[in-house]
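Visitor: Residue strings, one per chain:
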Amino acid sequence: MKSLRYLLKRILQMIPVLFVAVVVIFLLMRFLPGDSALATLGDKIDPRAYEAIKEERGLNASIPEQFAIYFSNLLQGDMGTSVIYNEKVSALIGTRMVTTICLALIATIFTVLISLPLGYLAGVKRDKPADAVIRVFALIGLSSPAFWVGLLLLIVFGVQLKLLPVSGWGRSWPAHFRALILPGMTLAFSSIAVLIRNIRNNVIDVQEADYVDFGRSKGLSNWAISTGYVLRNALIPTVTLLSLRIIGMLSGSVIIENIFGLPGIGALLVQAVTGRDYAVVQGCVIVFVIIVLVVNVITDFLYSVLDHRIQLGGDEA
Amino acid sequence: MSQSDDKGFKADATPTPAGEAAAELAATAEEASQPEKRLSPFRRSPSLLVGTIIVAFFVLMALFPQLFTSGDPYALDGSQMLLPPSADHLMGTDNFGYDIWTRVVYATSLDLIIGVASVSLPFVVGVLLGLLAGYYGGKLDSIIMRVLDCFVAFPFMVLAIAIVAILGSGVRNLIIAMWVVSWPEYTRLVRAEVLVAKQSEYVQAAKTLGYSDLRIMFRHILPNVISSSVVYAASDVVMCIMTGAGMSFLGLGVPQPTPEWGAIISGGKSFITTAPWISILPGLMMAVVGLGLSLVGDGLNDLLRTKD
Amino acid sequence: MPEPLLKVTDLSMYYKTKTETVRAVEGVSFSIGVGKTFGLVGESGCGKSTTARSIIRLLPKTGQIVGGQVLYQGRDVAKMSQRELREIRGKEIGMIFQDPMTSLNPVTTVGKQLFESLEGQGLDKQGMHDRAVELLRMVNIPEPEERLGNYVHELSGGMRQRVMIAIALAPRPKLLLADEPTTALDVTIQDQVICLINSLKEQLGMSVLLVTHDLGVVNEMCDQVGVMYAGRIVEIGSRRQVLDKPHHPYTEGLIRSLPAEHDTRSRLQSIPGMPPNLAREIVGCPFAPRCPYATDICRAKAPGVVDRLDGHLVWCHHADESDRAKVTESTGILDPREEGAA
Numbered sequence: 001m002k003s004l005r006y007l008l009k010r011i012l013q014m015i016p017v018l019f020v021a022v023v024v025i026f027l028l029m030r031f032l033p034g035d036s037a038l039a040t041l042g043d044k045i046d047p048r049a050y051e052a053i054k055e056e057r058g059l060n061a062s063i064p065e066q067f068a069i070y071f072s073n074l075l076q077g078d079m080g081t082s083v084i085y086n087e088k089v090s091a092l093i094g095t096r097m098v099t100t101i102c103l104a105l106i107a108t109i110f111t112v113l114i115s116l117p118l119g120y121l122a123g124v125k126r127d128k129p130a131d132a133v134i135r136v137f138a139l140i141g142l143s144s145p146a147f148w149v150g151l152l153l154l155i156v157f158g159v160q161l162k163l164l165p166v167s168g169w170g171r172s173w174p175a176h177f178r179a180l181i182l183p184g185m186t187l188a189f190s191s192i193a194v195l196i197r198n199i200r201n202n203v204i205d206v207q208e209a210d211y212v213d214f215g216r217s218k219g220l221s222n223w224a225i226s227t228g229y230v231l232r233n234a235l236i237p238t239v240t241l242l243s244l245r246i247i248g249m250l251s252g253s254v255i256i257e258n259i260f261g262l263p264g265i266g267a268l269l270v271q272a273v274t275g276r277d278y279a280v281v282q283g284c285v286i287v288f289v290i291i292v293l294v295v296n297v298i299t300d301f302l303y304s305v306l307d308h309r310i311q312l313g314g315d316e317a
Numbered sequence: 001m002s003q004s005d006d007k008g009f010k011a012d013a014t015p016t017p018a019g020e021a022a023a024e025l026a027a028t029a030e031e032a033s034q035p036e037k038r039l040s041p042f043r044r045s046p047s048l049l050v051g052t053i054i055v056a057f058f059v060l061m062a063l064f065p066q067l068f069t070s071g072d073p074y075a076l077d078g079s080q081m082l083l084p085p086s087a088d089h090l091m092g093t094d095n096f097g098y099d100i101w102t103r104v105v106y107a108t109s110l111d112l113i114i115g116v117a118s119v120s121l122p123f124v125v126g127v128l129l130g131l132l133a134g135y136y137g138g139k140l141d142s143i144i145m146r147v148l149d150c151f152v153a154f155p156f157m158v159l160a161i162a163i164v165a166i167l168g169s170g171v172r173n174l175i176i177a178m179w180v181v182s183w184p185e186y187t188r189l190v191r192a193e194v195l196v197a198k199q200s201e202y203v204q205a206a207k208t209l210g211y212s213d214l215r216i217m218f219r220h221i222l223p224n225v226i227s228s229s230v231v232y233a234a235s236d237v238v239m240c241i242m243t244g245a246g247m248s249f250l251g252l253g254v255p256q257p258t259p260e261w262g263a264i265i266s267g268g269k270s271f272i273t274t275a276p277w278i279s280i281l282p283g284l285m286m287a288v289v290g291l292g293l294s295l296v297g298d299g300l301n302d303l304l305r306t307k308d
Numbered sequence: 001m002p003e004p005l006l007k008v009t010d011l012s013m014y015y016k017t018k019t020e021t022v023r024a025v026e027g028v029s030f031s032i033g034v035g036k037t038f039g040l041v042g043e044s045g046c047g048k049s050t051t052a053r054s055i056i057r058l059l060p061k062t063g064q065i066v067g068g069q070v071l072y073q074g075r076d077v078a079k080m081s082q083r084e085l086r087e088i089r090g091k092e093i094g095m096i097f098q099d100p101m102t103s104l105n106p107v108t109t110v111g112k113q114l115f116e117s118l119e120g121q122g123l124d125k126q127g128m129h130d131r132a133v134e135l136l137r138m139v140n141i142p143e144p145e146e147r148l149g150n151y152v153h154e155l156s157g158g159m160r161q162r163v164m165i166a167i168a169l170a171p172r173p174k175l176l177l178a179d180e181p182t183t184a185l186d187v188t189i190q191d192q193v194i195c196l197i198n199s200l201k202e203q204l205g206m207s208v209l210l211v212t213h214d215l216g217v218v219n220e221m222c223d224q225v226g227v228m229y230a231g232r233i234v235e236i237g238s239r240r241q242v243l244d245k246p247h248h249p250y251t252e253g254l255i256r257s258l259p260a261e262h263d264t265r266s267r268l269q270s271i272p273g274m275p276p277n278l279a280r281e282i283v284g285c286p287f288a289p290r291c292p293y294a295t296d297i298c299r300a301k302a303p304g305v306v307d308r309l310d311g312h313l314v315w316c317h318h319a320d321e322s323d324r325a326k327v328t329e330s331t332g333i334l335d336p337r338e339e340g341a342a
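Residue numbers (my numbering), protein chains in the order written: chain A, 1 to 317; chain B, 1 to 308; chain C, 1 to 342.
Keep in mind that the hints are not guaranteed to be accurate.
To be verified - No more than 27 angstroms apart at the CA atoms, straight line, and that leaves these computed lysine-lysine pairs for DSS-like: (1) C:K18 <-> A:K125; (2) A:K128 <-> C:K18; (3) C:K16 <-> A:K128; (4) A:K125 <-> C:K301; (5) C:K301 <-> A:K128; (6) A:K9 <-> B:K139; (7) C:K16 <-> A:K125; (8) C:K79 <-> A:K128.
By construction, these hints were calculated from the structure, which means they are not laboratory data.
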């Protein structure tokens with residue numbers, strides 16, 4: 001009950017931020033040099049066609065009026081029409097959103113599965129060879145540009161070994177999954193590095209805690225100590241970091257989707273920007289903001305589950 | 001302690017024994033913030049040494065590209081297309097016949113400028129806002145933090161792309177986009193530390209003495225809260241270089257044919273099966289720059305944070 | 001004489017790092033009989049906690065037992081495998097720590113931490129629950145049923161110390177290592193905890209190794225006392241022997257630094273000087289630099305043991321008081337005891 005109320009409260013808190021983001025994006029798009037009507041027509045400017053398009057899209061109304069119309073449409077799920085695809089923006093985004101979310105999800109899973117054991121191992125084997133190797137790996141992960149790592153993986157696994165598809169999304173779920181492995185690894189690469197370093201340092205701190213000694217003095221097995229005492233405590237600060245990284249991955253997905261030819265909203269956004277398809281740009285940005293806010297709520301929730309010292313519904317910063 | 005209390009102290013700041021003690025405390029805080037010079041920082045942190053050497057190497061390359069290559073980054077040679085690396089072409093040539101090594105060398109200055117320029121303004125503005133928000137608290141704090149909330153609601157790349165969509169591509173607009181997305185982290189870091197520092201004895205002492213808010217903020221608090229931002233800035237330069245190169249990779253950053261790492265790597269995308277060197281080798285260079293800057297960040301972290 | 005429960009013989013424990021070796025415990029011997037309380041006293045850093053931790057080998061990675069035996073019921077703990085060690089830890093030898101605020105796992109409930117200690121006793125779920133409640137009641141925790149569901153941060157310091165004791169006692173250990181169990185607590189709570197440990201000891205027929213710097217606590221709890229300085233035991237004997245008739249100048253100093261109950265006028269005297277750096281080799285008696293009776297022999301040669309009476313052992317060249325008086329005369333140093341009386 002308590003947690004449900006908390007969840008509801010956090011969702012309500014999201015609304016003003018989302019509203020402001022929508023307003024900001026709307027205004028930014030209205031202050032564009034050259035408007036979308038011009039963009040649609042390209043170079044051949046026929047004043048009558050121009051006026052017609054402006055009229056059709058409601059561009060002659062005042063800005064507050066335009067916003068009111070835009071916003072009420074938005075509430076009904078209508079984000080306007082793409083000038084390139086000549087399709088509803090909501091329809092364009094709908095299918096692509098699944099791709100992007102799956103990509104971020106699989107990258108998150110890779111990140112956790114790889115950084116957790118490695119970070120823990122480095123922390124436990126502090127200053128031993130294993131630690132040194134893992135730290136060097138993490139340093140390389142931090143320093144390498146994602147698009148380059150993506151191309152490398154593509155060359156090795158896609159082109160040379162022919163293990164995984166080089167590009168595209170596939171038609172079935174198994175194919176989707178295979179298509180997501182390389183982009184997922186690429187996206188996870190730097191996050192793995194960041195998390196390894198974080199988990200390692202936390203493990204080192206926690207290992208010296210009195211309660212770990214007390215646990216050992218109780219004769220608990222190494223497994224019980226590592227999981228219930230060391231990891232449980234070491235991971236609390238990591239959760240916040242992971243949520244920041246997931247949001248970072250959404251940024252990364254824009255590039256990764258382009259490299260691997262995945263039909264996600266990141267790729268759509270870039271196409272829309274290059275093609276000056278402003279309704280689509282607007283729609284993509286809003287959807288990204290919504291995903292970020294949802295990730296934040298989930299993280300807060302997870303955090304309070306992991307650490308009961310954080311009072312649910314507390315207002316502290 | 002509320003705002004009005006501070007003012008009250010200031011109004012009747014007569015020297016008292018307690019006040020003198022406070023003066024001493026405040027003075028030590030000012031002294032303590034002076035950098036100490038005992039052991040050379042490089043001795044204390046090998047990462048800093050290695051990182052600095054790497055970064056210095058690339059700075060040299062940025063300043064004097066002629067030292068590293070005799071070629072011209074814009075020289076096209078149609079007879080020399082898609083050649084693998086050799087003594088003549090250290091990193092091979094691309095589909096236009098550009099010598100990749102030469103272009104990579106000449107791209108160094110632009111990429112480093114993008115990295116440093118993208119970080120400098122957000123660093124200053126972000127730190128100032130964090131200082132103000134943390135020190136004054138109250139309404140100013142809520143306003144700054146709510147604005148910040150809106151900025152961080154966007155994935156930075158998405159916001160950067162949206163800004164480039166509005167302003168158009170190009171180096172200047174790219175840097176502006178980075179300015180917009182980079183400042184919140186500095187504000188958050190500094191604000192959190194100011195909130196702690198505000199409670200410390202030396203700040204309370206300085207307040208008792210009736211020092212002005214400006215003096216307290218800049219001479220007492222700032223030197224004690226800036227270190228985490230400095231450390232973060234080192235990694236932020238890496239991130240900005242990569243984001244900038246990423247934007248160019250997407251075709252939204254530096255326009256062709258200006259030599260830029262991301263753009264060069266992007267140019268090799270279509271040739272990864274036939275001429276993989278076009279993408280791999282320049283990427284390696286970027287990774288080395290990133291490594292150097294990461295090591296500098298780690299080194300600064302060792303030096304600045306182990307004090308407490 | 002019956003076989004003692006724990007017999008520590010010539011135990012040495014060093015912290016070894018690349019750059020230095022800290023001789024934290026050097027040649028320590030003592031034994032604890034069934035149902036007895038043995039106190040290890042000394043200033044902080046003298047190796048008393050390390051000694052206690054060595055008994056169940058709860059040491060940091062740099063810490064190594066380099067010599068001696070720790071015989072628990074005749075078996076040498078120092079030579080046990082990790083597996084055998086786990087069998088001993090908790091079940092045979094329990095331990096409680098100094099700081100109740102940091103010694104309990106913050107992410108799980110009191111109940112779960114109690115259950116962990118009850119595993120292996122063949123109890124079913126209900127049985128465990130009942131036993132956990134019983135344990136909390138035993139350490140005087142009000143509303144024990146509800147406390148089971150609490151997280152550590154929801155309890156006060158005194159409560160946490162009681163919970164820690166309950167957890168340590170859950171597997172019914174025969175020996176309890178208590179590392180400064182009262183130091184972090186308020187004075188009123190300290191007394192309660194002392195009484196609690198004393199009565200539980202009686203009730204369960206348990207032995208206790210008490211590590212403390214507080215001679216008052218020793219006086220209330222211990223049968224035998226060992227005084228440690230610079231990693232060694234310098235004086236050992238029954239509580240009466242050591243507290244009433246101390247023979248080592250260090251023990252004297254410790255007693256003198258206590259606020260005397262009857263004599264409110266005398267000022268507190270702390271022992272001047274600092275304990276030696278254990279990373280360096282110590283020549284002669286480690287206490288010599290701070291000792292008012294020190295002579296050339298003290299600075300040159302480590303003292304051998306002197307048996308004063310019935311197992312009251314002292315490691316001091318001048319353990320004999322008549323001998324000490326002579327030294328005082330010849331060096332012209334006032335006997336601090338006389339000074340205090342003046």
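Visitor: For K128 of chain A and K18 of chain C, compute the direct alpha-carbon distance and say whether it is at most 27 angstroms.
Guide: 13 angstroms, holds
Visitor: If you draw a straight line from the CA of K301 of chain C to the CA of K128 of chain A, is it 27 angstroms or shorter?
Guide: 41 angstroms, violated
Visitor: Can the restraint linking K16 of chain C and K128 of chain A be considered satisfied, given a maximum Cα separation of 27 angstroms?
Guide: 16 angstroms, holds
Visitor: Holds or violated: K16 of chain C and K125 of chain A, Cα atoms, limit 27 angstroms.
Guide: 17 angstroms, holds
Visitor: Would you check the hint for K125 of chain A and K301 of chain C, treating anything up to 27 angstroms between C-alpha atoms as holding?
Guide: 42 angstroms, violated
Visitor: Sort out whether K125 of chain A lies within 27 angstroms of K18 of chain C, counting only the CA atoms.
Guide: Roughly 16 angstroms separates the two Cα atoms, so the pair holds.
Visitor: Would you mind confirming whether the straight-line C-alpha gap from K79 of chain C to K128 of chain A stays at or under 27 angstroms?
Guide: 25 angstroms, holds
Visitor: Straight-line Cα separation of K9 of chain A and K139 of chain B no greater than 27 angstroms?
Guide: 22 angstroms, holds
In this structure, the hints that do not hold are numbers 4 and 5, in rising order.
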